[in-house]
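Just so we're aligned: 404 in this note's numbering is position 404 of the sequence shown, and the numbers increase by one with no gaps anywhere.
Each hint should be verified, as a subset may be incorrect.
Pairs of lysine-lysine, DSS-like flavour, derived with a Cα cap of 30 Å [to be verified]:
{"hint": "1", "residue 1": "LYS482", "residue 2": "LYS426"}
{"hint": "2", "residue 1": "LYS98", "residue 2": "LYS528"}
{"hint": "3", "residue 1": "LYS487", "residue 2": "LYS528"}
{"hint": "4", "residue 1": "LYS91", "residue 2": "LYS59"}
{"hint": "5", "residue 1": "LYS325", "residue 2": "LYS59"}
{"hint": "6", "residue 1": "LYS59", "residue 2": "LYS98"}
{"hint": "7", "residue 1": "LYS371", "residue 2": "LYS294"}
{"hint": "8", "residue 1": "LYS272", "residue 2": "LYS294"}
{"hint": "9", "residue 1": "LYS91", "residue 2": "LYS528"}
{"hint": "10", "residue 1": "LYS371", "residue 2": "LYS325"}
{"hint": "11", "residue 1": "LYS528", "residue 2": "LYS482"}
{"hint": "12", "residue 1": "LYS152", "residue 2": "LYS98"}
{"hint": "13", "residue 1": "LYS325", "residue 2": "LYS226"}
{"hint": "14", "residue 1": "LYS426", "residue 2": "LYS485"}
{"hint": "15", "residue 1": "LYS272", "residue 2": "LYS426"}
{"hint": "16", "residue 1": "LYS152", "residue 2": "LYS91"}
{"hint": "17", "residue 1": "LYS371", "residue 2": "LYS272"}
{"hint": "18", "residue 1": "LYS152", "residue 2": "LYS272"}
{"hint": "19", "residue 1": "LYS59", "residue 2": "LYS294"}
{"hint": "20", "residue 1": "LYS485", "residue 2": "LYS528"}
{"hint": "21", "residue 1": "LYS482", "residue 2": "LYS152"}
{"hint": "22", "residue 1": "LYS59", "residue 2": "LYS226"}
{"hint": "23", "residue 1": "LYS294", "residue 2": "LYS226"}
{"hint": "24", "residue 1": "LYS59", "residue 2": "LYS218"}
No wet-lab data here; the hints were simulated from the structure. Nothing here was measured: the structure is a model prediction, and the numbers come from that model.
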Amino acid sequence: MPTPSRALRTKKAMRSSLGAICLLLFVAPFIPRIAQSQATPVREADAQCAGCHAEIYRKYLTTPMANASGLATENLRTATFLHPPSGVEYKISTVNGKALLASRSPNGSEGFTLTYFLGSGHLGTTYLYSIGNYLFESPVAWYAASNSYDMKPGLADIAQAPPPLPMQSSCMRCHMSSVRNPDPGTINRYEGLPFLHSGITCEACHGDSREHVLTQSKGTIVNPSKLDAGRRDSVCISCHLEGDVSIERAGHNALDYRPGDLISSYVAYYVKSGGDLTARGVSEVEQLSQSTCKRVSGERMSCTSCHDPHYTPDAEHRTAFYRNKCLSCHSQPEFATAHHPENQDCTSCHMPAAGAANILHVAWTDHRILKIPEVPKTEAPRTGERTLVPIFSPGASDRDLGMAYYQSLLLEGDRLFESAAWELLKQQQATISNDKDALDALGNLGAERGDSQTAESAFSRVLELDPRDLTALSNLAILRAKEGKLKDAISMLHVAFDDNEDVPGLAMNLARVECMAGDETAARTTLKAALYYSPNLNDMRRMLGQMTACADRGRK
1 MPTPSRALRT KKAMRSSLGA ICLLLFVAPF IPRIAQSQAT PVREADAQCA GCHAEIYRKY
61 LTTPMANASG LATENLRTAT FLHPPSGVEY KISTVNGKAL LASRSPNGSE GFTLTYFLGS
121 GHLGTTYLYS IGNYLFESPV AWYAASNSYD MKPGLADIAQ APPPLPMQSS CMRCHMSSVR
181 NPDPGTINRY EGLPFLHSGI TCEACHGDSR EHVLTQSKGT IVNPSKLDAG RRDSVCISCH
241 LEGDVSIERA GHNALDYRPG DLISSYVAYY VKSGGDLTAR GVSEVEQLSQ STCKRVSGER
301 MSCTSCHDPH YTPDAEHRTA FYRNKCLSCH SQPEFATAHH PENQDCTSCH MPAAGAANIL
361 HVAWTDHRIL KIPEVPKTEA PRTGERTLVP IFSPGASDRD LGMAYYQSLL LEGDRLFESA
421 AWELLKQQQA TISNDKDALD ALGNLGAERG DSQTAESAFS RVLELDPRDL TALSNLAILR
481 AKEGKLKDAI SMLHVAFDDN EDVPGLAMNL ARVECMAGDE TAARTTLKAA LYYSPNLNDM
541 RRMLGQMTAC ADRGRK
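Kindly generate the complete structure, drawing on both the sequences and the hints.
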């Protein structure tokens, strides 16, 4: 019997993805086909700015933000990597001017043309590829700290070739510019370009520049330094804060955020109470908020007090650049001349790099700016924190908290998160009647608890709002199949599968129900269609090989 779906992307979730699909889907209005054949790089997209801001433009092109993504051939590390737990060997190479990812496993070989890289390389780099209109992320990534390839987070211990990793718009918005929403009802299918520009363009921080350009700089444009503190900081927070979990607020899409808005109107961020600020990646904003520097300076201090978004100093100038930033506040003579004259690099003691427990091979600069350097920790990071608290999220609601607990459940599988999510969302049932994401979450929680009435009611309401919602279609179909309503189940699963042929769990659930209905031919056709996207996936290959006597097994 098919089972309700769970999330992708972490170790627990990747295991369940072989028989499941992603639950948290943010489907938006259809984006028409875009005429251009590939995304334009920052150097072209921002060329019009160079006319008046030539020096800023020249320096900006060397920054990690400008180089946060681009054509794969522009930033390809060729190498061969063997993953012992799965026995899969990966080879990243260049052939005839194309970037290629080839894999060889006990089940066979496959290869893809890599189209874009994602990640400036400061911490690491991953690559994207397409099959048809579906966009995927490579299962291996290059890590700067180890100067080598390794599996993506969550895949280190996987014992077989992983299923294809769908690249969702929410994962691209801080590495590309003008990121589009996927096609309706899909996770990662893009009829047109998934994003218009590689790298982070000027408009990502300064907003729409058309009027500014057309009026020769007389028209308005966003200058973050002139915004109030909340909107100023939102420009940085929108990409440099994750917390333990972030939730799109009801009726809002993070892709709709524009400079000058409050990011808290679009996203609510949560962290575990008592969590270790040095154990989790991408926590610079949180760490800075705990520093004495920030506490004393208040709203006067921001990320740009120390970082110039238009310029990143090279190794030769880095020490002097950041030392001058420190001395602009700590101007006493003893700091300028007498405080450790043998070491001019303030950050080496007060902002050392530390590993992130949740991301292997990555070291993050400690933004707590400690007065007395901290002895590196030898004990394991604390685990088991069960209470989530909002940060940088004024107005966060009980609905948001319930969704935060729900997403934490998906990521970590902690049943205490399940109870908290269920209680909060069940209490909100009357107020979330038009909230697809919350209803999908409530439906899945109800199905897990055996509360089919709540689950069916929630999923049915979602389908009234959006007849192509993947989560509601697939999971309501499973409930129908359990009730013996196989025709209804197959109909709903086909609507979902027609849009998402690349999702292994969805294909296997549909094939199971087709098998239960005695239609071996249809079940085989479904699995073969999905194997086109993941030909070496053990579970699906095994299922296809066991399709004989389909109807008899389905009745057992």
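Subject >> Violations among the numbered hints, reported as their numbers in ascending order >> reply: 4 and 21
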